[in-house]
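Asker: Given the sequences, and given the hints that come with them, work out the whole structure.
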Amino acid sequence: DSGVTQTPKHLITATGQRVTLRCSPRSGDLSVYWYQQSLDQGLQFLIQYYNGEERAKGNILERFSAQQFPDLHSELNLSSLELGDSALYFCASSAGAGAVSDTQYFGPGTRLTVL
Amino acid sequence: GEDVEQSLFLSVREGDSSVINCTYTDSSSTYLYWYKQEPGAGLQLLTYIFSNMDMKQDQRLTVLLNKKDKHLSLRIADTQTGDSAIYFCAESMKYSGGGADGLTFGKGTHLIIQP
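Chains as they are written, first to last, in the numbering used here: chain E, 1 to 115; chain Y, 1 to 115.
Just so you know, these hints were derived from the structure itself, not from any lab.
Just so it is clear, the structure is predicted and the values come from calculations on it, not from any experiment.
Yeah, the Cβ is synthetic: ideal placement off N, Cα and C, and Gly gets one too.
Hints are supplied without guarantee of correctness; some may be wrong.
Simulated restraints, written as ranges between beta carbons of each label pair [to be verified]:
1) Y:60 / E:59: 44 to 52 Å
2) E:41 / Y:9: 16 to 24 Å
3) E:7 / Y:38: 15 to 23 Å
4) E:8 / Y:38: 39 to 47 Å
5) E:84 / Y:61: 31 to 39 Å
6) E:95 / Y:19: 42 to 50 Å
Answerer: Encoded structure:
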């Protein structure tokens, strides 16, 4: 158990809908990262928040957004969902701001299925 | 370049050593990670190595780094059925946003254990 929690574990929704995925980092960690794992694209970095502020962006679509709250939990919002958004979404956390030495610990993931 | 390459499958006999290979392309100082993903589970951090090191050993795991060839390997001694999983090589990368890092992952190597 990494100490990172994600809810829900599974989510099934329809195209065009909007969903929110939730992540709680390990106790004491200030950074939260979101990743998408799909069969065709593999594991891709989406976005990072550090202590409530956006720190880095990867391959995140404009239909997706995230935020980190004062209690350091984070939410990833996915809107206007398409079939291709079906994937496993991972949250990771790290203690620091995201230096190369900042080890990331992953949660169990949320499996999103868009029908 | 930002690609991390891994072979997709490796089959070994139980009790033998497994060697999973990875090549990376970033030439700057970086951390390189090995994660394990069991079916239906999240990513478990196995070990990591800084790019100025040649080797790191942790119980049954040995990481070897050839900086000249940008080649990383993970050796699992005395492979057991519980080692059956997907193994991901990952590299710390810098993304836009001022110095913070996401991880760039390979596609993962499926380790298959034969009895």
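Asker: With reference to the structure, classify each hint as holding or not holding.
Answerer: Going through the hints against the structure:
1. Y:60 / E:59: 44 to 52 Å: Given a distance of about 34 Å, which is not inside 44 to 52 Å, the answer is violated.
2. E:41 / Y:9: 16 to 24 Å: holds (19 Å)
3. E:7 / Y:38: 15 to 23 Å: Holds, at about 20 Å.
4. E:8 / Y:38: 39 to 47 Å: Once the Cβ atoms are compared, 20 Å apart, the range 39 to 47 Å for residue 38 (chain Y) and residue 8 (chain E) is violated.
5. E:84 / Y:61: 31 to 39 Å: holds (36 Å)
6. E:95 / Y:19: 42 to 50 Å: At 31 Å between Cβs, range violated.
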